[in-house]
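There are 2 protein chains.
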Amino acid sequence: MSSIREVAKLAQVSPATVSRVINGTANVDEEKKKRVLDAISETGFVPNEVARSLFKKSAKIIGLILPSIENPFFTQMANAVERTADKYGYRLILCNTNDKPEREKTAISMLASMNADGIILTTNNEETYESVNSCPIPVVITDRRIAAKALAGYVHSDHYEGGRIAAKHLIDCGCKNIVCIRGPVEVSSARARYEGYCKVCHEQNIKQQVVDCTYDFEKGLEVTETILSKYPDVDGIIACNDVVAISVYKVLNSKGIRVPEDVQIIGYDNIRLSKLVTPEVTTIAQPIDEIGQKAAELIINNDIDNNEKEFIFETKLIVRDTTKLKGE
Amino acid sequence: MSSIREVAKLAQVSPATVSRVINGTANVDEEKKKRVLDAISETGFVPNEVARSLFKKSAKIIGLILPSIENPFFTQMANAVERTADKYGYRLILCNTNDKPEREKTAISMLASMNADGIILTTNNEETYESVNSCPIPVVITDRRIAAKALAGYVHSDHYEGGRIAAKHLIDCGCKNIVCIRGPVEVSSARARYEGYCKVCHEQNIKQQVVDCTYDFEKGLEVTETILSKYPDVDGIIACNDVVAISVYKVLNSKGIRVPEDVQIIGYDNIRLSKLVTPEVTTIAQPIDEIGQKAAELIINNDIDNNEKEFIFETKLIVRDTTKLKGE
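So the protein lines, in turn, are chains A and B. Just so you know, we're using the numbering used here here: the first sequence kicks off at 1319 and counts up by one. Just so you know, we're using the numbering used here here: the second sequence kicks off at 1319 and counts up by one.
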């Protein structure tokens, strides 16, 4: 297929003029217009969505591509993105991928062809990186870090520090046998939290004990059984997120293991649910709303240049009912 | 602005041929193509998104407009829609409205202009009905019923029967002072459930006691305090959904009121969370996956005619830890 540039060359006009004729975005001199249409006819050029979009004005659309809409962390972040979008008159289009690269790629190309103003994406699927690299509209990565180039920016929490704070808190609570439930190893934020935990173990000269998990309830139930059989002396559990912390509590409670007296639990994220369940979950808070807002603002303010911008937010310990400080 | 028909007339071709030239969807004889492009030039016709879409083939897109992505009922339904869409090679575009009519209207018009194959919508905002009536693509309404015409179909549970089953179960559990937490009165499904409860009260000659609520945790906490002060003898609570049932438990537990010994609680929906929290919540199950699947299939199979189709699914009692049958 011939390009808009070939049409422009043949018609002896600029590519922008070709675009104006195609999109009708501005008046074009009749004689030039005729030349463009003749050239289109001659070259067989078909204006596709992407070509059209390159020249159009802002569509006032933000695309948000989420790995899971059943994970409250992401739906809370989505709400924050939406509030910000709404404030500036932008629309939000949500795409859920269930972490599948094919869906991520389809969503990226669809949003690009719609001429969205930018995409907010959370992924660690390497197969998707090429689509990110070649995406004609700005891409902001939230929560994770990826090995892709030409990004508009990163917005995430300091997960390494979050992992450190969680481990230190359990030690402050008197735990001597801590097990870390690690999120998926391909997920950069899960690795960073785990590394934070390891650092504390090293500093405090305590054993590293780890089990692998995903971010959903059911897997959390399963993994807790594993912990109890593999590490029967466990007295502290760092869950990979709040949802899994709730699962851990469920299993312990069903076996008559008291929380926090026998085993202490700390979650991660500070989703709303964490303080609404009984008992309320001690957790490492991510500033979920700020992350969503910042990501949206990067796109809306077109605050994008060739330097990848990275915005790192602090995490914070929130002590609730599933842990208890020594001596309290 | 001139129309595609004027262009067709001038070029002495059919409007479909004009469309083929614009969209490049099929080969057009060079001589005809030239005539079309000349006619476009002469008339000043600009193919806009909507005009383009009228002639395009299926975009293989389903639009899902949700009132809240923080309500697990809707995200579980969205996942079911997506699984079905995926199976048939359709993409899903999600729009979250926070129940705001302006957002619903914008989402409807955006999806229509994208030439989506259909829209799945849950709303009871009267201001939105006109947009539904005039929507050029099929609209399927889930969960609720609305006073709009020309719908492609309704897919929902039998909420009236659900309300009846909930009330009858609490009576079977020995409750004599039941309070019904009613969802928003503008929501047809909330009203139907409440009417089911009222019917049982009437049949059994027991007092109707009601408090109003929305579908979120925080409001559930507040409303439980109201119940305890207004109806101190309460021994059974019908929550408007599972999320609110979890809030009710939280407040009762914090005051030393035992569940189910002192007060029994039944939720609604059977979201995954309801069996993952401690204690597990007795509830009225909606077949959430089937609802999402059916709604998607109506659009995908283009199973749409002028008769509004209504698909009503049965609800089912799931007894868990927050209620206890008499004598057990």
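Misleading hints may appear alongside valid ones.
Since the list can't tell identical chains apart, any single copy or any two copies may satisfy a pair.
Claimed, not checked - Within a straight-line C-alpha distance of at most 27 Å, the following computed DSS-like cross-link-like pairs (lysine-lysine) qualify:
| id | residue 1 | residue 2 |
| --- | --- | --- |
| 1 | K1327 | K1351 |
| 2 | K1405 | K1537 |
| 3 | K1593 | K1548 |
| 4 | K1642 | K1573 |
| 5 | K1405 | K1627 |
Source of the hints: derived by calculation from the structure; they are not laboratory data.
Against the structure, the hints:
Taking CA atoms no more than 27 Å apart as the test, K1327 paired with K1351 passes in both settings, with 14 Å inside one copy and 21 Å between copies. Only between protomers do K1405 and K1537 lie at most 27 Å apart by alpha-carbon distance; the minimum there is 25 Å, versus 38 Å within a single protomer. Taking identical chains as interchangeable, the C-alpha atoms of K1593 and K1548 lie at most 27 Å apart only when they sit on different chains, with a minimum of 26 Å there against 29 Å within one chain. When the C-alpha separation of K1642 and K1573 is checked against a cutoff of 27 Å, the pair qualifies both within a copy, at 20 Å, and between copies, at 21 Å.
In this assembly of identical chains, K1405 and K1627 lie within 27 Å of each other by CA distance solely inside one copy; the values are 23 Å within and 38 Å between copies.
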